[in-house]
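Asks: Once you have looked at the hints, place chain B on chain A.
Here is what each chain is made of, one letter per residue.
There are 2 protein chains.
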Amino acid sequence: VTAKAPIDFYFDLSSPYGCLASQKIEALAHRHDRSVEWHPILLGVVFKKTGTGPLTEIPLKGEYSKRDFLRSARFHGLPQFEMPARFPIPTQVPARLLTWVKRVAPGRMVPATKAFFHAYFYKHVDISDPEHAVALLAPFGIEGHAAHAALADPAVKDALRAEVDGAIERGVFGSPYFIVDGEPFWGLDRLDQLERWLVTGGF
Amino acid sequence: VTAKAPIDFYFDLSSPYGCLASQKIEALAHRHDRSVEWHPILLGVVFKKTGTGPLTEIPLKGEYSKRDFLRSARFHGLPQFEMPARFPIPTQVPARLLTWVKRVAPGRMVPATKAFFHAYFYKHVDISDPEHAVALLAPFGIEGHAAHAALADPAVKDALRAEVDGAIERGVFGSPYFIVDGEPFWGLDRLDQLERWLVTGGF
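Protein sequences, first through last, are from chains A and B.
For the first sequence, the working numbering begins at 347 and goes up steadily by one.
For the second sequence, the working numbering begins at 347 and goes up steadily by one.
Looking at chain A on its own, in the form it has when it is part of the complex (with noise of 0.2 Å):
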């Protein structure tokens, strides 16, 4: 028996869209017997890529963006949050923690995921604030001196640094974005197209 490859699972810890899948990408695999593969990514990055910005801030899409993410948390069954008054926000801080937890501590990186997103969304934590993203890690027993020194590490950042680069080589360009057998799906909204895919094969 081969083991089926895992679902690539690309976010930002500030997107909305990021934040919702996050919430549902874990049940839809275990339905089709994959497990996924979590990359924060830093859209900031992409971005100067695609020559594009944070769609909150783009005349007419911006406003009917911010009621599009609650309606869609509605729509998928999810709780609904309130904008954070702060948005978007850096995401370099935590996203180089969990690079760092997933190094050293696999098990605790999706929870630790999943803390960041609702820190920020549900409870508009400013996790782009060391302070704040490091108190974030302790109940998962990390400790906040070692991960302060993670965040001072060049390693660490050289590590976030290859795993955008590499994002981007494999055509990355949003939030959330997900690989399947090389077939890419980007949006919470591919969601139906994605879940297609691993019934059929491929359509």
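Some hints here could point you the wrong way.
One copy or two, either will do: identical chains are not told apart, so a pair holds if it fits within one copy or between any two.
Result set (DSSO-like, lysine-lysine): computed pairs, CA atoms no more than 27 Å apart in a straight line [stated by the list, open to error]: (1) LYS350 with LYS394; (2) LYS394 with LYS412; (3) LYS469 with LYS370; (4) LYS395 with LYS412; (5) LYS412 with LYS469.
Hints in this document: simulated from the structure, not taken from any laboratory.
The structure displayed is predicted, hence computed values, not measured ones.
Replies: Just chain B, lined up with the frame of chain A:
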């Protein structure tokens, strides 16, 4: 009995997702006793307002989108098209013709719209060419001489301009874009939310 308000359907004739949505929206509306009001618009004008541009010209996103147009057609059980070699095209000519047909022969406006979408995406006819566009109206009994006269009529240009300005005032920034009882839905991939909105009266 009060008649339910129509679904407003805004589209650009050079929009792949608009073409796909044009093949889905009537059956959806019919299931919920709604009519559809078809509004040709010009994305080129909208893009000046939003500061954005054609999806297919954005690095990374452009390549993905071409794949997604075709996969979305298959996902929705619609005939797949090949991308026209000339894409996008300016759509003033067919949009002006539809604006005029809507006024002088309203019952033929929707069939004419479908004929334009079909010719451009499935037959690769350049519908920005007045000769081609006018010829496509002949099967509906719309005489070529009158159609050419309409294209030269400043009142028709003004009517389309007013339609586009009105769309932007209502927040329309893309194609397809729907408004149902004041609620906006952007994209082929929001037909699911639109339908639930019709079923539930809002969620």
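Asks: Each hint should be assessed against the structure and marked as holding or not.
Replies: Hints versus structure:
With identical chains, the CA atoms of LYS350 and LYS394 are never at most 27 Å apart, being 34 Å at best within one copy and 46 Å at best between copies. For a Cα distance limit of 27 Å, the shortest separation of LYS394 from LYS412 qualifies both inside one copy, at 23 Å, and across copies, at 21 Å. In this homomeric assembly, LYS469 and LYS370 come within 27 Å of each other (Cα to Cα) only inside a single copy, at 20 Å, whereas the closest approach across copies is 40 Å. In this assembly of identical chains, the alpha carbons of LYS395 and LYS412 lie at most 27 Å apart whether taken from the same copy (24 Å) or from different copies (18 Å).
Taking the shortest alpha-carbon separations for LYS412 and LYS469, only the intra-copy value of 17 Å comes in at or below 27 Å, while the best inter-copy value is 38 Å.
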